[in-house]
Amino acid sequence: MSDVVEKTLTALPSLLSLDSHSGSTKLSSSSKLGNLIRGITELTSKHEEEKLIQRELASIKEQVSSPNTSMRQMKELMVRAIYCEMLGYEASFSYIHAIKLAQQGTALEKRVGYLAVSLFLNESHELLLLLVNTVLKDLQSTNLIEVCMALTVVSQMFPKDMIPAILPLVEEKLTHPKEIIRRKAVLALYKFYLIAPNQVQHIHNKFRKALCDKDPGVMTASLHIYLQMIQENPEGYKDLTASFVTILKQVVAGKLPMDFNYHSVPAPWLQIQLLRILAFLGKNDQSSSEIMYDILEESLRRAEINHNITYAILYECVKCIYTIHPKSELLEKAAKCIGNFVLSTKINLKYLGLKALTYVVQQDPKLALQHQVTIIECLDHPDLIIKRETLELLFRITNAQNVAVIVEKMLEFLRGNKDDYTTIDLVGKVAELAEKYAPNNEWFIETMSTVFSVGGDTMQPDIPNSFLKLLSEGFDSVEEDRKLKLFAVDSYVSLLQGEPGKLPQRFLQVISWVLGEYSYLRGELDAATVLRLLAKLLDTKSTSSETKSWVLMAMTKVCEGGVGVSVAQEVCETYSSSLDTALRQRAQELQHLSQDRDLRAKVLPREAGSEPLEVDSSLSFLDGFVSEALAAGAAPYKPHHQRQEELAQAKALSMEPYGLPISMSSCSIADRQSPTLLSVSSGLSGDSPSLSQKGGSTTPKLDGVKRVWGRQGYLVQTEPVEESDLVEVTGPLQSPNQQAGADGPPSQTPTLKPTPQPEQEKQQLASSLFVGLGSQSSLCLMGKPEATTQRFRRKAKGPVLSSSTGEQISNSSVSASSMANNLLCNDLLDSNITSETAAPSLEQTPQLSRDLPAANGACAVESTDRDVKENSASLIGDNRLVAADPAPRGDRGKLKDFSAHLPAEFSGLCHSDISPLASNQSLDVSACHVQKEDSLVLVVFMYNSSDDAIPHILLELRSDELEVSCEGDSPVEEARSRSVAVCQYSLTVKKPSVHVEVAGTVSYQLPVGTSQSVQFSYKLPLTSFIRPLTVSTEEYGTMWLDFSHDTKQKLTPICLGQEPLMDTLNVLKKKLKLHVVEIIGMEGIVACRVLRDQPCLMHCRLHAGALSVWLRSPVPDLPDCLMYHCQRALQEH
Amino acid sequence: MQFMLLFSRQGKLRLQKWYVPLSDKEKKKITRELVQTVLARKPKMCSFLEWRDLKVVYKRYASLYFCCAIEHQDNELITLEIIHRYVELLDKYFGSVCELDIIFNFEKAYFILDEFLLGGEPQETSKKTVLKAIEQADLLQENVDFQMRLFAGVMVPNMVSESSGLFQN
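Protein sequences appear in the order of chains F and H.
No gaps in the numbering here: position 287 of the first sequence is 287 in the UniProt record's numbering, and each next residue is one more.
No gaps in the numbering here: position 9 of the second sequence is 9 in the UniProt record's numbering, and each next residue is one more.
Derived from the structure by calculation, the hints contain no laboratory data.
Predicted model only: the values in this text are computed from it and were never measured.
Built from N, CA and C at the ideal position, the CB exists for glycine as well.
Do not take every clue at face value.
[Claimed, not checked] Label-pair ranges, simulated between beta-carbon atoms:
{"id": "1", "chain 1": "H", "residue 1": "Pro21", "chain 2": "F", "residue 2": "Asp259", "range": "29 to 35 Å"}
{"id": "2", "chain 1": "F", "residue 1": "Lys137", "chain 2": "H", "residue 2": "Lys25", "range": "31 to 37 Å"}
{"id": "3", "chain 1": "F", "residue 1": "Asp598", "chain 2": "H", "residue 2": "Glu26", "range": "54 to 60 Å"}
{"id": "4", "chain 1": "F", "residue 1": "Lys137", "chain 2": "H", "residue 2": "Glu26", "range": "30 to 36 Å"}
{"id": "5", "chain 1": "H", "residue 1": "Asp138", "chain 2": "F", "residue 2": "Asp420", "range": "42 to 48 Å"}
{"id": "6", "chain 1": "H", "residue 1": "Lys42", "chain 2": "F", "residue 2": "Val771", "range": "32 to 38 Å"}
[Unchecked claim] With a cut-off of at most 35 Å between alpha-carbon atoms, the simulated DSBU-like pairs for lysine-lysine come out as follows:
{"id": "7", "chain 1": "F", "residue 1": "Lys160", "chain 2": "H", "residue 2": "Lys44"}
{"id": "8", "chain 1": "F", "residue 1": "Lys137", "chain 2": "H", "residue 2": "Lys108"}
{"id": "9", "chain 1": "H", "residue 1": "Lys27", "chain 2": "F", "residue 2": "Lys173"}
{"id": "10", "chain 1": "F", "residue 1": "Lys541", "chain 2": "H", "residue 2": "Lys108"}
{"id": "11", "chain 1": "H", "residue 1": "Lys42", "chain 2": "F", "residue 2": "Lys137"}
{"id": "12", "chain 1": "F", "residue 1": "Lys409", "chain 2": "F", "residue 2": "Lys346"}
[As the list claims (entries may be wrong)] Residues of chain H clear of chain F, computed beta-carbon distances all greater than 12 Å:
{"id": "13", "residue": "Leu39"}
{"id": "14", "residue": "Ala62"}
{"id": "15", "residue": "Asp91"}
{"id": "16", "residue": "Phe94"}
{"id": "17", "residue": "Ser96"}
Using the sequences plus the hints, can you model the full thing?
Given below as structure tokens:
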């Protein structure tokens, strides 16, 4: 080998000289990179490489900063810098030069410059701003290559804030004659859509044009955008379903040019993209699905060549077929297809087959049965990824009967697994299964013990938490609870007697909590024994101080009897001088409580875990503290999101000259102060029981419990969420059983296929794994579907919540079951059932949501002698209305009624049409808005169409974008029979948006006693809030500089007569109520405000037939929204 | 697609393209872990990997590993074909491509990749169109020297394996 090296080395100079024959200046540069690469390859140690690269970087650095370096040399230097970065050495000094190269180089150098930029920087890098101008210039270049380069870099990364600057140019490129430019422009817009969807809202029409582009490449590119948009909002694009189907038909039939073929399959990427789109469109939509059945079948049929690419299409097809509204023939074919995948000898296909099975197994458990042999083989596959996917599949088909086997398989995998991500995921799944289907107490405790020891300290914290919650809350039977707790105590005591040092900290915490709470249940177990075991943990070196806290707390609970107290005292001595304050405090508590029995019994009552916790989530007991702090000059508390927002704003780019520094600094101090205050206060409330005891406002019982959870306080808060989660998860799993129980199709009892495999072991495993699936329908036929599946059913908490969630479960499971039913026995009549069952569940939720705010009493309506006033108001209203109200005096009597009820003070003002919003059998709700000089008033009319008076009407309005406040005396408390109640609300804009929406709920009590509610929403354009802003040109000038948010866009002006600028501004003035400040030549300045205090300035300039509009405002998003309305106003004209 | 990495059997990175914004530190960490994981896998194993919360699709061509990270809902098989199409493009452009071509002309490899995938999505799948675009841009380049790679392989013995064509295996 060594002489080979020698030979080559001697040959080197001659080769180099050979190279220099073709010599030019460029050669030396390209060989510099070559030398570098070769140099590195020859090195043997990492250390040498590092030295060489550092030398190289130093030389690059010197050269790039030298003024004599030409752009051509710079290009070569950049390539070398990229190479160094790729090897993992930082060359950040070259970033700015990369941008310079992109800016100043000729096309070829530019290309390298752009490449270097796209490799060095990411879209949040601040240097990227310097690229904006270059991109702008290149987008306008006449050189196609330069335009391409600019578009390429833009579609890879671009600062979000700068999109408006180049958007019009990119948009323009959509109509470029060259298809490559159009294609890149579409992809750039796709990128913009991903990072700032509202910026490109106005060009959705142009996307449609791109979809119809004559070049298939452009059309394909536009599908990326459509996939994204349809995924977010399938309802909005149903009309395109037929078009997508037609495109797919043409592609499949080979109508595209041959270039698009890939291994003789026509445009596979395009096919897959279309199939994904169709899946979104056809999901839960029968009529759309029906359009695509034919082409899906065709696709399945055509994909017959034995090549990866056809399998890729088949896989996507199968996914689509199982996602859309089912059709039995197609499902059959798709199932066969999945079978081919699973049975394939190619490992990649097998993997995908398993993945597809996992995807469909809930709809079609029979399929898993068919492939049980393969599944069992895959369980022992040498490739872990296959094993893992198989476990995933088994997880989906777990039921009460096969849970033990499946969990055992999962734990087996876990024990050999080293990857943290997989461990976290699988441990969570095992815990979920164990909780749901545990066959008995012993199994449950043992499985959870394994979970805790295998999961270690990486697992999700909610696993131990929910386990403890389950133990403490108990189940339906008291005796069972006791047994479970006893078994836990026994098994943990024996664990501690073994080698507790090896157990993970989380597990030790669980053990100490359980022993602390429940060791008394085991009567013959001496408290002193438990204390000694716990004390042993404290002496173990590996025990963390957090765990020690848990242990000390547990000891506090159990210390009893002479020996026990002396053990406790011993421990206290060691830890009451600990440097860790938390430990010291626990030790102190232990010391005091171990000596005072009565106090201990009060503070730490047994079985306190089962008591419902009362949590004062508003932290009202801190009010005094807060007001004191405020009085002492502390900054008021800002919620987290607000602080974040302010931080973000502080970080956002400011285009303005810097202001005086004072305001900044004071602001930052305030910012810092509030969180500290907060943490102090929460520390007081959460972690020190002595303080809250002194307060004496809460009962000692609660304190005891709270302290146990002091460090994990969040658990208490998340409780309801967790519970509903758990319940929902169980829904679909129950469904197959329930479904069969209800319908009882006896025809399709799937019998276990006799396995050809001679090995008995495997057969046994199969029967134990698939037992639930096989026997499922027979079990259901007996009519007791859900008796044993879920062992540990949580006790319901709180009457309202439990009943409604309970009903929701049944609803969802019924609808799910009708789906499954449909899949299994090809019954296509189910759609009515689905919709019927879906409806009540929808109704359920609003009621629930209504109950909550009502309980809070946030918007409780106070009212006086409403009736009298209302009547008089309507009388006056009637009189004046004739003159004041040119609004449609509709043929429908009701509408007329309402306008008559418009309060008198609005009679002179312009108001919108009164639109009916919602109604039910007793109440009709309508509304309109009235534009006042300084405000916008929403008037809500409620007509009681029933014969009885409705007392206790509660009207609540919510909005994300608006601030809603009740006007004066308008709240209503009752509506008399056949009369109208009127409410007024003043609206102000909180967050500008193109359209703003108010959602409302009217809830009331019928005399009979049932509570009812009507939901409605009222949408109004931002323009209703816009008022002219009268300023002078000078004022305008100063304001312009102060405002930080802006947007620019080119609009098409209106040409009526001689002066397009004037005409356009007049239209805007009329439609949007803007104030035209001044017009100078081809430029105009306009001002407006959103109600009282949100100004927005507009500068327009007419140039080459286009009107470039620049909007500025201190309010974020306002310019964008206003731009939209300006555009609309001009288009509509 | 989240990112694409090319690395050699020795674990040397040859090309990296990131379609999601990540810090340099993260990139390095991901690269290191992924290279290790992929290199440890046996040849007959599945080309797909679950890795963190992503799906990794990789394929080996001669001495080079091509490795893409995709999201879970993406189609693994088509990603394999994306890799293959990229190799085809490289092969067509360089004329029987080998690892050395990519080492010494990595910027070209990037240009081709950018013309094929844009922002992580396939931009143009027609081989002809991609190469036409590259050639047009290349025309600007005054007679570039492609000779280098020819003798580079002869010269350095360590690189003998890298000069074997990607399509040989």
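Outcome of the hint check:
1. H:Pro21 - F:Asp259: 29 to 35 Å: Hint holds: Cβ distance 34 Å, inside 29 to 35 Å.
2. F:Lys137 - H:Lys25: 31 to 37 Å: About 34 Å separates the Cβ atoms of lysine 137 of chain F and lysine 25 of chain H, which means 31 to 37 Å holds.
3. F:Asp598 - H:Glu26: 54 to 60 Å: holds (57 Å)
4. F:Lys137 - H:Glu26: 30 to 36 Å: Holds - the Cβ-Cβ distance for lysine 137 of chain F and glutamate 26 of chain H, about 33 Å, lies within 30 to 36 Å.
5. H:Asp138 - F:Asp420: 42 to 48 Å: holds (46 Å)
6. H:Lys42 - F:Val771: 32 to 38 Å: holds (35 Å)
7. F:Lys160 - H:Lys44: violated (44 Å)
8. F:Lys137 - H:Lys108: holds (24 Å)
9. H:Lys27 - F:Lys173: holds (34 Å)
10. F:Lys541 - H:Lys108: violated (58 Å)
11. H:Lys42 - F:Lys137: Distance ~51 Å between lysine 42 of chain H and lysine 137 of chain F Cα, so the pair is violated.
12. F:Lys409 - F:Lys346: holds (24 Å)
13. Leu39: holds (15 Å)
14. Ala62: Alanine 62 of chain H is indeed farther than 12 Å from all Cβ atoms of chain F, at 17 Å.
15. Asp91: holds (15 Å)
16. Phe94: holds (16 Å)
17. Ser96: Given that every Cβ of chain F is farther than 12 Å from that of serine 96 of chain H, nearest at about 19 Å, it holds.
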